[in-house]
Structure formats: C-alpha cells, structure tokens
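Fit the two chains together into the complex; they arrive one by one in their own frames, and the hints show the way.
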Amino acid sequence: MSKMFSKDNREAFFNALNFNNPIAAQVLGICSALAVTSQLKPAIVMSFCVTCIVALSNVIISLIRKTIPNRIRIIIQLVVVAALVTIVSILLKAVAYDVSVQLSVYVGLIITNCILMGRLEAFAMMNGPWSSFLDGIGNGLGYAAFLISVGFVRELFGSGCLFGVKIIPDCVYSWGYVDNGMMTMPAMALIILGCLIALHRYLNKNKDI
Amino acid sequence: MNTNNNTYTIVYASLVVIVVAFLLAFVSKVLEPQSLANERIDKKKQILASLNVRDVPNSDVESKYEELVLQDMIVDVNGQVVAEGNNHDKDGFALSMKEISPEKLPIYVCQVSPGKDGKKFVFPLIGKGLWGSIWGYIALNSDLRTVYGTYFSHQSETAGLGARITELAFQNQFVGKVISKDGSQDIDLTVVKSGRVQDTAVECDGITGATLTCNGVSDMLHDCLSNYKNYLKFDEK
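Protein sequences appear in the order of chains C and G. Residue numbering for the first sequence follows our numbering, beginning at 1 and increasing consecutively. Residue numbering for the second sequence follows our numbering, beginning at 1001 and increasing consecutively.
Treat the hints as calculated values from the structure; they're not laboratory data. Keep in mind that the hints are not guaranteed to be accurate.
[As the list claims (entries may be wrong)] EDC-like, lysine to aspartate or glutamate: derived pairs with alpha carbons at most 16 Å apart:
1. 1119(G) with 1066(G)
2. 1043(G) with 170(C)
3. 1043(G) with 1060(G)
4. 1045(G) with 98(C)
What you are looking at is a predicted structure, and each value in this text was computed from that prediction instead of being measured.
This is chain G alone, in the form it adopts within the complex (with noise of 0.2 Å):
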C-alpha cells in the first residue's frame, strides 16, 4: 500500500486525532470526581494552614476543616454581604481565586476555640511574585485588625530565594501583627527589604536576595486587603 498518498495522509491523520481525543476525553471524564476532590483538599489545607493547622494528613482534612471554618461568605467592596455561606462550601469556597473580583469577595469565618476571641477570619490573597504568581490566606482575630497567621505559596518563584514565603519561619513573623497601624486608613502591614525593620508593628523582614518575590507579598497583602475596607470598617476607626 502506498503509504504516501495525499487521501490515506489526510485519512489517517484523522483517525489518529480522533481516536486520541476520545481517549483523552474518556480518561479526563472518568478521573474528573477524583481530582476535583484532591483540588478541594489542597484548598482546604491552604486554609487550615493559615490558622496554623498544619500537617493535616489527607485523610482527615475534610472532618477537620468542618470542625473549624463555620462559614464561607461572600462580601463585595462596599461591605455588603452577599452569600451568608452557611451551605457547606457553596458559597465563597466554590470561587476559584480567579473568580475573586471586587463584587465577590469571600470570607472564611472560622471557630479555633471556643469564646469570642477563638473566631478568626480567613481572607484569601492573590498577587505576582517575580516569576509566576503567588498566593495565600492570612487569618486575622476577632478585632479584624490583628494577623493569627498566614499561608503562602507560589508558582515558580527561585528555588531558595523566592520560594522560601513558603517557609513557616517567613509565616510566622506575621502573626502578631497589625494589618493597619491605629488611626490609618490603609493597610501598613508589609514586607520590608531583609534587616530594615523598624516598625515591628506592621513590618515584616523580608528574606534576602528576593526583594522582588517580597515586594509582591506587599503588594498581595496590600491590595487583596484594601477591597475588604468596608467589611473591616475602617472608617469608624
């Protein structure tokens, strides 16, 4: 047969892609229920680690996350709340950090231990670092003002240098602080260049040689934050 025919190329190119794409849709298909749940996981885990609940195993992340995160609400710019989000995970879960717009604006509200000051408040971030971009939680305490803890993590920031705002111990040093310092209208709370620390109220030391990768946690912080100023009333301070 002669394989170098025009009609038996253009036929059989075909053939092979559409064999291909049934196969890859039937895999996809099949395999969609599991991963979607992995997904889900690892967000859960991203926020548990934000209320310095780390090292969940798989296993018992679900159970765990219900026990601490009583609601997902969406709230939009002004302050308004626009889902309660008490239908399990359908509300402000359900957006993809790419659906996070000024008009749908989740909200974690989480109970660590009992009594007024165990609820914290988990606010998603999203931003770019210097390669790819970054993202994270930050929980902050009952007074809406004060960090419990944070999580971050990044696409393809350098191995060593920018990687390392996943590190506990660059996570760490926000818990304590103050998003705003009393009397600002702005969020103060960043990320200075490694050693020039001087208002350890909203100051973080950054990690040397990743400035940039720094720079964006900043800017993350700062601008994720700032479309929460109604919700966080700032101006009845």
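Next comes chain C alone, as it looks inside the complex (with noise of 0.2 Å):
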C-alpha cells in the first residue's frame, strides 16, 4: 500500500494538478477549453471524457510499451485514442443524446487534445500501469478544474444560469443588469482563461514552471 502512493506516485498525481497543470503549465487543450465552455453541463461532461480517456490510454499505452515497436509508436498512441474516443463517443450517443449533441465534434476532436498524446508520449511510454494511471487522472482532473472554473464564469455572468438554471433573480435585471453575451463566445473564455492561467503563475511563482 506504501509503495503504491509512494512519493513518485503522489507527485505524479499532485503536480499535474497544480504546477504542471496540463492547461495552465503546459498550455495544453486550449481548443477543446474554449469551445465547451460556455455552459457547465457539457464543461463537466467533456472534463468527465478527457478524464477517463486518458487515464484509460495511459494504463493501455504503459501495459503495452515494451512491446510496442518504436517506429509506429505514435501510430499506436494514435489508434488506441482513437478506440476509447469512439466508444465514449457511442456511449454518449446512447445514454446521454442531448449532451452528445451539444458536444458534436468536440468529442472526436479529444483525439488530438494534446494532453493525451503529450501524457502518453512524456509519462506512459516510461513509467508502470499504475503511475501511469494516476498520472492519467491528475492531468484529467487538473484539465477539468480549469474547464469548470471557466465554464462557471461563462454560464454565470454570460446566462445567468448554472446548469441551464436561473441564479441571478430577476429584480436585479430590473435595475438595468443585463447579462454579458460577450462570454457566451469564446473569445472570452480566451481572456477568462488567461486571467486563471496569471492567477494559477503568480500562485506558483516561487516554483519553477
């Protein structure tokens, strides 16, 4: 049990949660970031895909990577993403329609969401099943945490829902407040985005990103 969240484990874990964030270290998935945004359901939904896929590629990619021959080694990366999108993707389809609609092409872009062929290629191809895993899941949730924060600020100050549900009540519309349709594009989620990625540099500045 010791050996299993022993030191390299943990930081594998912890770091792609914080400093070396896929999005705010690595400036990875930026694309997919700003276009799901803009309402927190397919935010988290998208977040919940990257999550699994890559957890689930790592663990696949680091069982097989002494086998695999090192010239078609992207190729191979490439076409077990390629597998685990598609099934989420008719999964999807299948148990939850109106979420995959909404997602539409996002959802076969995960394949070239950089933080997967990055996390296979830098962690999976090197290190066992299990790190690889945790790696997998740090960097998912890592991706999810900026996700949410800035589908939050959209659907909030852009809507005025969270979850497709009114929060700002209706008298403060009548003091003149009108909701920001700039955040509903994703130019804004651009600029939010930036602004959390400032936040997360001047949190971590000591340390070297």
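Below you can see the structure in the form of structure tokens.
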C-alpha cells in the first residue's frame, strides 16, 4: 500500500493537478477548453470524458509499452486513443444524447487533444501502469478544474444561469443588469483562461514551471 | 526480443488494428438500438416543438407524439401522394433529412385540438447557414397558409449570433404570418435585416449581426416550401 502511494506516484498525481497543470503550465488542450465552456454541463461532461480517456489510454499504453515497435509508437498511441474516443462517443449517443449533440465534434476532437498524446509520449511510455493511471487522472482533473471554472464564469455572467437554472434573480435585471453576451463567445473564454493562468502563475511564482 | 524488426512491426500493427476494429464493431452494434431510439426521440421532439409543444420530458415524447401526429405522409413535387403514412413512423418519419428529394417530400399531419381548425401540417426544412447546415420544421394551419409554429436548429452557427435562431423569441415571430401573400405564386415568408420589417404579414425581424444565417433561414423556407407548392394548391388561388 505504501508503495502504491509512494512519493513518485503522489508527485505524478498532484503535480499534474497543480504546478504542472496541463492547461496552466503546459498550455495543452486549449482548443476544446474554449469551445465547450459556454455552459457548465458540457464542460463537466467533456472533463469527465477526457479524464477517463487519458487515464485509460495511459494504462493501456503503459501495459504494452515494452512491446510497441519504436518506429510506429505514435501510430499505436493514436489508434488506442481513437478507439477509446470512439467508444466514449458511441456511449454518449446511447446514454446522454442531448449532451452528445451539444458536444458534437468536440468528443471526436479529443483524439487530437494534445494532453493525451503529450501524457502518453512523456509519461506512459516510461512508467508503470499504476503511476500512469494516477498521472492520467491527475491531468484529467487538472484539465477539468480549469474547464469547470471557465464554464462557471461564462454561464453565470453570459446567461445568468448555472446548469441551465436561473441564478441571477429577476429583480437584479429590473435594476438594469444585463447578461454579458460576450461571455457566450469563445473569445471571452480565452480572456478568462488568460486571467486564470496568470493567477496560477502568480500563486506558483516561487516554483520553476 | 527485437521490437524494431520489420516483420514484428507489421504483425504488431495488423494485430492492433484487428483487435480495435472488432472492439469498435462490437460496442457500436450493442448500443445501436439505444442510440437509434435517442435519435428518433430527438426528431419527434423537434416536430413537437414546431407545434409549440416544447419541454416535453424524454420519456413522454413518444406518447405525446403518438397523440398529436396522425400521419407521416409522403408527397412528390407534383402534389401526388406517394405514401399515406398510416403505418406508425414507417413512411415520412423514416426519411432522414438527407433522403428528402422532390420525389419524396414528407408531411406530418397533426391534430392539436378537436375540429377542423385543430388540424396542422408540419413540413421539414433543411438549408445552409453561415458555417454549416441549418434545419427545422414549420407547422401550418389547416388553411395551409398561416404559420402555426416553427422550430429551427443548426450545426455550427456563431454562438450568441446565428445560433440565436434556436431561441423562442426568434421562432415565435413566425407564428401568425402567412407563407405567401394573397395572389402571390411564390413563397414570400422571409427574414429581413433586423429592424427593416415593412410587410408584417410575411416578414420577420432578423437577428442583429447574423444577417447571413438569417438569409439562410429565408432561403431554406423558400426552397423547401417551394417543393410543396403543388400540394399547397398555389395554382388554384
């Protein structure tokens, strides 16, 4: 048990969550972070999908890492990721159809999410399945933290709702408050993300990122 | 073992591909009935939305649809009935948006309230927006002229601009308008640039900043409804 949560493994997990965060520090996976965060629900589903896929593909690649021919390793990684993504997208269609419509192409685009290839190539190819799993979960949650914060701000100020439920009371509107339409556009997500990254760097300014 | 050997590489790649292919085929086959059912419910929801029946929970969609929609007939461009549509979603409903052609035009005959006036006709619409396809349904009253309700959706219009064609405020503007003016042989129902409405009988106010998407909606209404001209008996007016 102590070995399962050894210092290295804990580092693999918590580093990804904090100062080696895929979005804030590595600046990977920005495209989808801008596209699916106009509301909280798709942001959460997307985070969940990415977390599952990073963790699973990390484990699979880590298990077969010694058998993969070096020359085609990127192709094998892609095939594994593509298969998992396709399975997730079929599952979503069957279980949560409206979410899958909302996420539309972005589920398929998880294949090209740089976080996946980055983690597979940088971590899973060199580490055992358990630490790869932790690394995957850590990175997925790190990605989720940013996606959900951006989604929260955008949905709250863009449409006055959270999870589609009105949060800002009508009386505030009658005092002249208006929803910020800019928030529903991807450009604003980039600005919010920029602010979050700046905050993250400020909090971690003593560490070498 | 030498993993860089050519034979090993080829065998390895083939094995991976075969395993993945089987896995995907299996998952897709197992979940197919459920995803098809979801697609069917989604389509029914859209048709109901055009009849101003919105926010029906997914579990009630089938029964509500069954209650309101009587026939899913198919007509052709000459106004001839190809299929009566009395076999429970096997005719017009079974046609996907892509399969709609001048030879096969679905019409949903609905009864929203008792009596002749409660009879509504729903026509599918498909067209091009600014970035991708747009589609929808338009319900006409039993006079086959006045709009009873509309539903529009889109694939990838700009959020906050073109994507607002999905909003109720935009769709409700169409209610009560006519699809063609008295004596006109053409489909006159259009969306005009925001704030330029002159003829309130056939013109709807567009969305500011989304002129191209709104033009797409106009073209879609014109092109799709034109196919039904013979059925709508335009020449007899």
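Hints not upheld, ascending by number | 2
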